[in-house]
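Those protein sequence lines, which keep their order, are chains S and H.
Under the working numbering, the first residue of the first sequence is numbered 1, with each subsequent residue one higher.
Under the working numbering, the first residue of the second sequence is numbered 376, with each subsequent residue one higher.
Check before you lean on any hint, since a few could be wrong.
Simulated restraints, written as ranges between beta carbons of each label pair [stated by the list, open to error]:
#	chain 1	residue 1	chain 2	residue 2	range
1	S	R243	H	S564	51 to 59 Å
2	S	Q184	H	H467	54 to 62 Å
3	H	D735	S	M347	42 to 50 Å
With a straight-line cut-off of 25 Å between C-alpha atoms, the simulated DMTMM-like cross-links for lysine to aspartate or glutamate are [stated by the list, open to error]:
#	chain 1	residue 1	chain 2	residue 2
4	S	K159	S	D322
5	S	K269	S	D284
6	S	K95	S	E72
7	H	K732	S	E338
8	S	K357	H	D665
9	S	K245	S	D223
10	H	K732	S	D193
11	H	K589	S	D223
12	H	K557	S	D351
13	S	K214	H	E405
14	H	K644	H	D665
15	H	K589	S	E338
16	H	K672	H	E701
17	H	K406	H	E520
Don't read these hints as lab results, they were simulated from the structure.
All figures in this text were calculated on a predicted structure; none of them were measured in a lab.
C-beta atoms are modelled at their ideal positions from N, C-alpha and C, and glycine is treated no differently.
Number of protein chains: 2
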Amino acid sequence: MEEDQKSPGRSGFFMDKHQKWMHQALVLAEKGRGNTSPNPMVGAVLVNDNQIVGEGYHQKFGGPHAEVWAIEQAGGLAKGSTLYVSLEPCSHIGKTPPCAQKIIDAGIKEVYISMIDPNPLVNGSGVRMLQDAGINVTTGLLESEARQINRGFINSIEKKRPWITLKMAQTADGYIADITGKSQWISSSDARDFVMQQRTIHDAIMVGMGTVFKDDPGLLPVDRGGFIPYRVILDDMLKIPPRLKLVSDECRHRTVILTASDDKNAKIKQLTGTGVNVIHVPGDSFGWIDLQKTMEKLVEFGITSIYSEGGSQVAGSLIQHDLVDEIQLIIAPKVLGEGISTFSGFMKSLDSAIQLKWDDVQMLGQDLLIRGRLA
Amino acid sequence: MEEDQKSPGRSGFFMDKHQKWMHQALVLAEKGRGNTSPNPMVGAVLVNDNQIVGEGYHQKFGGPHAEVWAIEQAGGLAKGSTLYVSLEPCSHIGKTPPCAQKIIDAGIKEVYISMIDPNPLVNGSGVRMLQDAGINVTTGLLESEARQINRGFINSIEKKRPWITLKMAQTADGYIADITGKSQWISSSDARDFVMQQRTIHDAIMVGMGTVFKDDPGLLPVDRGGFIPYRVILDDMLKIPPRLKLVSDECRHRTVILTASDDKNAKIKQLTGTGVNVIHVPGDSFGWIDLQKTMEKLVEFGITSIYSEGGSQVAGSLIQHDLVDEIQLIIAPKVLGEGISTFSGFMKSLDSAIQLKWDDVQMLGQDLLIRGRLA
């Protein structure tokens, strides 16, 4: 029996060797961020005699899976080794052959898996295929970390919509702008740095036309050489002026307009002709797009996580329709007395209030960041 | 040289022996809470040969000072001892003879003082009197703790008004009630327990007529056998119906009405006849009372700290007029969409917003408590 070697993990807790190898698989998985959606980020590490003999990650949508890279890198050393993989190996023939079979063929003797693949085509059958071949399988290792990384992928399967983080920056008295509509800047530069970082871990940033008209935002990350999130615009009536940044800058191919408009094909043609993505969504009799359908369309497009930076209208629509997975409430130490409310479009009595749950709170410079979710 | 004996203090830090004795003096000072205003709470400990030989505290307004009790208790053991006192001993003849002289006469050889008395009649002259008599004096020991206990007394001298803590319980979107005015209960029972505890460490609770009409509150502590804070009502036009709890319950002698009304003497007579306190404050041409004047009158009455539990009107008036020392913002995990705003009566642009500073945040059951102050 060998001793478990303990070392401090990224959360400060001490990890045993299995956690350590799985942690490495999760670090590898992260490398695929921005390129794998709507498929998951997956990392794999092959260990033989306490040495890493192969590593891999799912690099891009439709490309080889993490396990394949690791097994190829290991070559003959894969035989008798232990695999650490952040998602259950697939058992079906999809865009690539089943990984479970490749693992069996390579002679791997033991497999550690973070989380079962929620995809109904897999969902446990990968584990069974490995076990039927006599491989020792352990699941659930660092599962919550794996679920966090792939929260968009999980949502797209379980809820048929992307993971949606709703960010709001408001004053102590609950206003996102003063009465003239001015909102730059309610929050501090530290809070804005946090927002910039959040943009890099979501497939897309979303705003409504209120924000587009008011601010003509660019919504681009500081580092334009890295991952550029999609910029999703809810533009029910297709009113966006073609000169605005989101549809005219050099990243306009990363802009996605959702609209109920179908009688203005000239404008759609004009926009798509310059590289902008326009998606038609059914509208109601007032011409407003159906939000649940919008979200399904975004998953089809390949967007599985959204950072909502819209104003009252978008925030109100999302929370009313139960389309929020995480709430980020930034509370600036300011008081306006009157202003633009955080949510618009609905009104609840105290007894029927929308219930949240606070998960965490931290200082962001002079502001507070409260994280929560719908209860 | 003797070793300092270190022991863990109430904040978890390790105290040396001087801090330990001064801590004991502060614990004694607290015993006077509710009975000394507008004078300070003061505690004193006399130590001789590492043993406490005398203790005392300022028990009630106009009564003997803390040092006097301690010296009397020590008797002959006061000679050569060390005094720990939470406020500079007085040097003037006020309601009692000067304590500094008593200390000199008792043959005390060394004096530790938490804070200098901000009262212009003392303000350093007590220290000088002791030093002139050859006594070794050290000031500033646990000063911030002493200032915290006597924040009302300090405010009453430095700002000519009570310490004012403004409490607001609001939803995540900044409403203190739903659109029908219903506010019971926005916050959880843990938050309400916190509020009950806060009521016991302020001389008075304050509300406006909006809250009185809407809720007919009692504003009494759970333990009615202990300290009952005053219940201050801002009733500009003296509209309070005599049947309401605050002016008819068994604690109505602890109710103070501030009003600009002077042409309804019959009602004032009726109220004061049942034991209610009514204070006239000058009003403006609309009949609204002057808030700064109101606060001066409250200090004269003997109230040096106020816990404001009023609604939008009172909160708006206080914050607009820079009459807030601590803000307690309780944020419930609820969303209403529309409702009654936290503040009313003013409207700021983002550039002229009232600036706060967040000091601390903690969970109160399912709610968040944010403490801050005006920047």
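K589(H) and E338(S): Cα distance at most 25 Å? 23 Å, holds
Are K406(H) and E520(H) close enough, with their CA atoms no more than 25 Å apart? Holds, at about 15 Å.
Does D193(S) lie within 25 Å of K732(H) when you go C-alpha to C-alpha? 20 Å, holds
Regarding the pair K357(S) and D665(H), is the alpha-carbon distance no greater than 25 Å? Violated. K357(S) to D665(H) sits at ~41 Å, over the 25 Å cutoff.
That 42 to 50 Å hint for D735(H) and M347(S) (C-beta), does it hold up? 33 Å, violated
Would you check the hint for K672(H) and E701(H), treating anything up to 25 Å between C-alpha atoms as holding? 21 Å, holds
Distance restraint between K245(S) and D223(S), which requires alpha-carbon spacing of 25 Å or less: 17 Å, holds
Tell me if the beta carbons of R243(S) and S564(H) are separated by a distance inside 51 to 59 Å. For R243(S) and S564(H) the Cβ distance comes to about 55 Å; the hint holds.
With the threshold set at 25 Å, check whether the alpha-carbon distance from K214(S) to E405(H) stays at or below it. It is violated: about 55 Å lies between the C-alpha atoms, which goes past 25 Å.
Decide if the proposed pair is consistent with the structure: K159(S) and D322(S), CA atoms, cutoff 25 Å inclusive. 11 Å, holds
Would the hint linking K589(H) and D223(S) be met if the CA-CA limit is 25 Å? Distance of about 55 Å is beyond 25 Å: violated.
25 Å Cα cutoff - pair K644(H), D665(H): 22 Å, holds
Of the numbered hints stated above, those contradicted by the structure are hints 3, 8, 11, 13, listed in ascending order.
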